[in-house]
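Those protein sequence lines, which keep their order, are chains A and B. Counting from 90, one number per residue, gives the positions in the first sequence under the numbering used here. Counting from 13, one number per residue, gives the positions in the second sequence under the numbering used here.
Since the hints were derived computationally from the structure, they do not count as laboratory data. Any given hint could turn out to be false.
Below, simulated DSSO-like cross-link-like pairs (lysine-lysine); rule was C-alpha separation at most 30 angstroms, straight line [claimed, not checked]:
#, chain 1, residue 1, chain 2, residue 2
1, B, 409, A, 114
2, A, 171, B, 148
3, B, 525, B, 610
4, B, 688, A, 149
5, A, 149, B, 154
6, A, 149, B, 436
7, B, 610, B, 306
8, A, 171, B, 203
9, B, 481, B, 452
10, A, 149, B, 203
11, B, 51, A, 149
12, B, 611, B, 627
13, B, 148, A, 195
14, B, 666, A, 149
15, A, 265, A, 251
16, A, 133, B, 203
17, B, 409, A, 149
18, B, 480, B, 515
19, B, 154, A, 171
20, B, 452, B, 436
21, B, 409, A, 113
22, B, 600, B, 623
Okay, the calculated beta carbon distance ranges per label pair [claimed, not checked]:
#, chain 1, residue 1, chain 2, residue 2, range
23, A, 276, B, 99, 55 to 63 angstroms
24, A, 110, B, 202, 32 to 40 angstroms
25, A, 274, B, 85, 57 to 65 angstroms
26, B, 513, A, 116, 58 to 66 angstroms
27, A, 274, B, 145, 44 to 52 angstroms
28, B, 97, A, 110, 48 to 56 angstroms
29, B, 260, A, 133, 57 to 65 angstroms
30, A, 236, B, 150, 36 to 44 angstroms
Virtual Cβ for every residue (Gly too), placed ideally from N, Cα, C.
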Amino acid sequence: MAELNDKNFSFTKENLKIAEFEIKKYPEGRGGSAIISLLWIAQKQNEGWLSPEVIDYIAKYLGTPQIRVMEIATFYSMFNLKPVGKYHFQMCGTTPCMLSGSNELKKILQNEIGEQNTVSNDQLFSWVEVECLGACCNAPVVQINDDYYEDLESTDLINILKDLRNNKTPKIGSYKKRVSSEPVDNNVQTQTDKEIEDIVKRRNKPGLSV
Amino acid sequence: MSKKILINGNEFEFEDNLTLIQALEFADIEVPRFCYHDKLSIAGNCRMCLVEVKGAPKPVASCHFSLSDLRPGPNGELPEVYTNTDSVHHARKGAMEFLLVNHPLDCPICDQGGECDLQDQALHYGINKSRYKENKRAVDNKNIGPLIKTTMTRCIHCTRCVRFTSEVAGTGELGAIHRGENMEITTYLEKGMSSELQGNVIDLCPVGALTSKPYEFQARPWELTKTESIDVMDALGSNIRIDSKGSEVMRIMPRFNEDINEEWISDKTRFIWDGLKSQRIDEPYIRKDGKLVKATWDEALNKVVELVKKTKPSKIGAIAGDMTTAEEMYLMKLLFDKLGTDLYDCRQDGSYITNEFGRASYIFNPSISGIEEADALVIIGSNPRIESPVLNARIRKRWLTGNLRIFNIGQENDLTYEYIHLGKSPKQINLKNMDIYNCKNIIWLIGDDIFTRDDSNDLLSHIVESAKKTNSIRDDWNGLAILHKSASRVAGLDLGFLPEDSKKNAKYIANSKNVDLLFLMDADEIDADNKYKVYIGSHGDKGATSADVILPGACYTEKNGFFMNTEGRLQQINRAVFPPGAAKDNWKIIIELSKRLKKSLNFVSFDDVRKDLQKKFPIFEDVDVIQAADHSQLSKIEIKNPKLNDVEFENSIKDFYLTNPIARASKIMAECSMQKNNNGNING
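Please construct the entire structure, taking both the sequences and the accompanying hints into account.
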């Protein structure tokens, strides 16, 4: 992967336009504020990671010292400073996901891909355990490149891996047929207004607590 | 607006644009701090300067709490601040405990020990045992060049060094990568630092994370004798403190002087000291059959007398180097006057700069602190970053505050600030290209390299004319600023240590067939091909190797004397250690020589010499003061229709680290130079 990268990185024409648009958001001479946006564009262009050449290029492009770009690239976990696979898995390991079985997913990833932060031999996969992805209702969650895969059972993840290997596009979103984060079980109902009123009444009676 | 506040129950009144820590400092109350530094921006991340503000729910960090944010009490009572309560002490103790969580307990083997902020403050706010059971953090050391040793496990992340490189030095080379507990201070991919001011991060570092590499394990601060002196590496005259142990100079540190160097010094100033110990001439030498042979003082001096007697007085010359004191030049001048010749020169670079147009024509008139009042700067034929890094930092400081127009005519270099480059030759000094007519305080910063040019008179005339047209030479502001490179130059010009005939400058003296005997006083930057040469100096460099007689002299750390810096401020150097071996103080050598030549200069002590100098040249009376220069004689410079040629301006300093014999003898400077030529790659 590393050899594939062009030694002299530069933005494509389309990305140059986006970069200029991002820089224009800030006052003149404050283009340095656009570092995060530019790194993000560059990472997408550079197959998912930031090589030293990319950091050099962005520092030169913005006219800031290289270390300023490096500081930001190392601060945020969304920037990868090592090559990643074509499909980069970010597995959430924070409490709700862990309780819903993310440890199982972790084992699968370890078996199928290998250690964290390494690229599989076929250059297709890499994975990393991350902190909360913010989709706790649909735990456990795995982010593959830009998309979320939710409510995953072990078999689901194995199927996803299989699909990706065979160049098929797996389904994005919930694997428990949810549209968003509504209850999985259709019989579960939220409390009606009357029930809530009863609860409040009961709570206000002295000596009783619910 | 001024504001009244109660500090620990006492009433004070301050301007409300101060921060709380500044106000407390004015009230003479010591506030512990690590990240706050009054010359750098405010970070507020060490939390050591916590104080109690009445009404605030938590202790506040006084370094970034503005006085204007203090609110009066409900009935209009004065705002109250406490620094000595139990809660303040408790809060600081807590901050200190966190700082010490990951700090190793290696003070006995740490070079900072004894002058460490963390050590000192732990004495007051530390607790005597650790409650931390987890593993301590360990960080890899970084190789950031030959000058700075890093022990990054000791770092407490105050980021002073990061702020220094990005704000003062202007190179922005240090940064903090990763975050939280994994944060590390480093250069990009561990490249070596390139700034000429990088040594200052050693002073700034409140712990032992960044220490001096050459000084590693050399001495403890309490063993050192401290001598206040002046730096002679460039003409700025930075105030320094020479720390010596026995007969050796162990290190050089900056001394605070707001008017000159603030609290910075350049790397050449700081790390030159190993050059003071190598390549030293500690015995007199005489050339016999083409070889230099050791001799006694008696033999050597008699040989010189013989040479002088053999030569017609009109064929004897003397050239003073860049680190010669005013007293030495004065004595040499007296001796030569008695011999009956005036072929002496203090301008070893072959410059044509003269003192005939008055003092205002050869000093840095706006003064160094005056840079901060300037609103336009025209740099002509100079690279201030190399010629005087600390002055360059002052320009950058002014530039950062905005509204400073900078134009550069000369070689295009990275000066750490932005400028408009108008061209490389004198013809580009054209007011039409500069938008400065509505500027009030314009500085015309002129490198002294322009005076080595053939058209230097026309050029100076053209610059003075331009300066007058823009009204930058007037009674309350003289914008003509000559930036000298040589520490002894201004004093030499003040003394008139130059021949009357302006054509017979150092170049003529060194290369003319009419000069048979040449005295070189620490002059190593000139190629002399006279018949006989006598070298009076400290280092075996260019001057000594080709000399016929060598008289070993003292370095600037081993003698007393006056230096006039580029702005015309008189300062004195003081002896820290004695010269090695048989080497003598230079003034004694000249006096001894005069006695043997039967042209005796009747001075018994150094004070006599100084008093006589002050009597003849009253400008040497007031130490640490700039004698304002009269600009009325500047009109004499002006030539009608000056002819400017097309030759590009050149900077004579090719290598910042190797500009004088001491620097060339220094191993550290050689390493720095190598790194610079290697584009910052430290390992080959």
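Can the restraint linking residue 148/B and residue 195/A be considered satisfied, given a maximum Cα separation of 30 angstroms? The given pair, whose Cα atoms are some 29 angstroms apart, holds under the 30 angstroms limit.
Just to be sure I understand the hint, the distance between the Cβ atoms of residue 274/A and residue 85/B should be within 57 to 65 angstroms; is that true here? holds, 59 angstroms
Verify the proposed pairing of residue 525/B with residue 610/B, using a straight-line Cα cut of 30 angstroms. holds, 27 angstroms
Hey, residue 480/B versus residue 515/B, does the alpha-carbon distance stay inside 30 angstroms? With a Cα-Cα distance of about 28 angstroms, the restraint between residue 480/B and residue 515/B holds, given a limit of 30 angstroms.
Regarding the pair residue 154/B and residue 171/A, is the alpha-carbon distance no greater than 30 angstroms? Measuring from Cα to Cα gives roughly 21 angstroms; hence the hint holds.
Just tell me: holds or violated, for the beta carbon distance of residue 110/A and residue 202/B against 32 to 40 angstroms? Roughly 35 angstroms apart at Cβ, these two residues keep to the hinted range, so it holds.
Need the status of pair residue 666/B, residue 149/A: alpha-carbon distance at most 30 angstroms? holds, 27 angstroms
Within a Cα-Cα threshold of 30 angstroms, do residue 452/B and residue 436/B meet the stated pairing? Roughly 26 angstroms separates the two Cα atoms, so the pair holds.
Beta-carbon spacing of residue 97/B to residue 110/A - inside the hinted bounds 48 to 56 angstroms or not: holds, 54 angstroms
Given hint residue 149/A paired with residue 51/B - CA-CA distance at most 30 angstroms: holds, 28 angstroms
Hint check: residue 133/A vs residue 203/B, CA-CA at most 30 angstroms. Holds or violated? Within the cut-off at roughly 28 angstroms; holds.
Straight-line Cα separation of residue 610/B and residue 306/B no greater than 30 angstroms? holds, 25 angstroms
Taken one by one, the earlier hints all hold for this structure without exception.
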